[in-house]
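Heads up: the protein sequence lines correspond to chains A and B, in order.
Using my numbering, read the first sequence as starting at 1 and increasing by one per residue.
Using my numbering, read the second sequence as starting at 1 and increasing by one per residue.
It is possible that some hints are incorrect.
Dumping the calculated DSS-like pairs for lysine-lysine here, alpha-carbon to alpha-carbon at most 30 angstroms [to be verified]:
#	chain 1	residue 1	chain 2	residue 2
1	B	K165	B	K176
2	B	K176	B	K51
3	A	K17	A	K64
4	B	K176	A	K118
5	B	K51	A	K100
6	A	K187	A	K100
7	B	K176	A	K100
8	A	K231	A	K195
9	A	K60	A	K189
Pulled a few chain B residues facing chain A out of the computed Cβ check, cut under 7 angstroms [said to hold, decoys possible]:
#	residue
10	M100
11	Y101
12	H102
13	D181
Keep in mind the hints are simulated off the structure, nothing from the lab.
In this text, a Cβ means the ideal position worked out from N, Cα and C, and glycines have one as well.
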Amino acid sequence: MLGINDNFPEYALPGVKKVHFEPYADNGGSIVAIAGDDFAVIGADTRLSTGFSIYTREQKKLFKLSDQTVLGATGCWCDTLTLTRLLQARMQMYEHEHNKAMTTPAVAQMLSTMLYYKRFFPYYVSNILAGIDSEGKGCVYSYDPIGHCERSTYRAGGSAGAQLQPLLDNQIGLKNMQNVTEAPLPKEKALALLKDVFISAAERDIYTGDSIYILIITANGIQEEKFELRKD
Amino acid sequence: MASERYSFSLTTFSPSGKLVQIEYALAAVAAGGTSVGIKASNGVVIATENKHKSILYDEHSVNKVEMITGHIGMVYSGMGPDYRLLVTQARKMAQQYFLMYHEPIPTAQLVQRLATVMQEYTQSGGVRPFGVSLLICGWDGDRPYLFQCDPSGAYFAWKATAMGKNFNNGKTFLEKRYTEDLELDDAVHTAILTLKEGFEGQMTADNIEVGICDAAGFRRLEPAHVKDYLANIP
């Protein structure tokens, strides 16, 4: 408030209180998504936390937007809920107007614009969108809180994102490796890698753990798998 | 949309339940230059007469057949200035759609949005309805589309239609000539023939305009190209 400044304690007025409301919270969690030639897999942990405390060990962070598109969202959980509800409402409106479901690239672009609409009071959410595009190929789109969007083959996001991304770069992107032959990534390998990567995340990141849900998206639909992680 | 003094609509019901302003707008359309649209199996053609009142007019400087996006084109019958406004708005709508969904706007979606604009002008304060009917042709989802938008805001999907002067004769002519398996080339030929039915004077590549839309997108035909088609007309 007026008169109080941390740098000038001599100007502090008695009885004046500094009230501060923090609109954001960090509820933790990590997401990893991998795209193949005809599939996409996306996994997210189920731990919701605040500071050093756990809110719950069983919160799914993957949102099925359609038969072809799944959104993983972590960060501020209140923003995540509102964003996913808004996205689902917009997708329903699209379906009513167009008489067909939204394609994954269309959802990707729309999410980007929706995030930018709140450029000056952002959704504090780390988003990764995974699905099948209009040509049947797997696709992964990753976002920053204000809607920068990039399509890639693999992406790790959330609290352990920085730890996991280099591991994916090496194992899927084959970066910094010699004498390796590029081959298309089969679904089983992608799933095994996904699980290993989350085990590593749970080792070092306190906000990631408990269990993960993995959604496997193919032309035939979406399958779900649950996998247990360290609870500490 | 409402001018400063008018908060009430100038388009009001008559006792018989008609909106007379819209009827008059349709009369303005029927007095305008003939335009024709035909949907073929592999594309759509739109064409219009573009007669100039004097030899001093600079032909081909201003076009009636306009591109809205790479895959959608438009032509009109009625008042040119009203048309210009709708073309600008249609182009903006198409770009806004692309900005949102990163996909080319489906023709039906563009038509719905444009028709909504036209309807708003029949129910807003201080404005009059548009004095144009639009013919919109497009290609998306691997098939051709042809739509008409009226001053009332109503829109219709057509296989083939005519608007403007002599539109009744044109439609009768098309009813006889249209078949489901028409190819684009034949459709262009038929469209030019339909235009010729009510054409006063000699038809040349300089006083008609033709646009086609197929899987490769929309384009307005060059006068040289139109001349080739005219050469095949008796």
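Structure-based check of all given hints:
Distance hint between K165 of chain B and K176 of chain B is fulfilled; the C-alpha atoms sit about 19 angstroms from each other, no more than 30 angstroms. This hinted pair checks out: K176 of chain B and K51 of chain B have alpha carbons roughly 27 angstroms apart, not beyond 30 angstroms. Distance check on the hinted pair: K17 of chain A and K64 of chain A sit about 46 angstroms apart at the alpha-carbon level, beyond 30 angstroms; violated. Only pairs whose Cα atoms come within 30 angstroms are accepted, and K176 of chain B paired with K118 of chain A is rejected, the gap being roughly 57 angstroms.
Of the supplied pair hints, the one linking K51 of chain B and K100 of chain A is violated, its CA atoms being roughly 43 angstroms apart against a limit of 30 angstroms. With a C-alpha separation of about 28 angstroms, the suggested pair K187 of chain A and K100 of chain A falls inside the 30 angstroms cut-off, and the hint holds. Under the criterion of a C-alpha separation no larger than 30 angstroms, the hint pairing K176 of chain B with K100 of chain A is inconsistent with the structure, at around 35 angstroms. For the hint pairing K231 of chain A with K195 of chain A, the CA-to-CA distance comes to about 15 angstroms; that is within 30 angstroms, so the pair holds.
With a C-alpha separation of about 23 angstroms, the suggested pairing of K60 of chain A with K189 of chain A holds against the 30 angstroms cut-off. Interface hint at M100 of chain B: satisfied, since its Cβ lies 6 angstroms from the closest Cβ of chain A, which is below the 7 angstroms cut-off. A hinted interface residue such as Y101 of chain B counts as satisfied when its beta carbon comes closer than 7 angstroms to some beta carbon of chain A; here the least separation is about 4 angstroms, so the hint holds. Evaluation of the H102 of chain B hint against chain A yields a held restraint, the C-beta minimum of about 4 angstroms falling below 7 angstroms.
A hinted interface residue such as D181 of chain B counts as satisfied when its beta carbon comes closer than 7 angstroms to some beta carbon of chain A; here the least separation is about 26 angstroms, so the hint is violated.
When held up to the earlier numbered hints, the structure conflicts with 3, 4, 5, 7 and 13 and fits the remainder.
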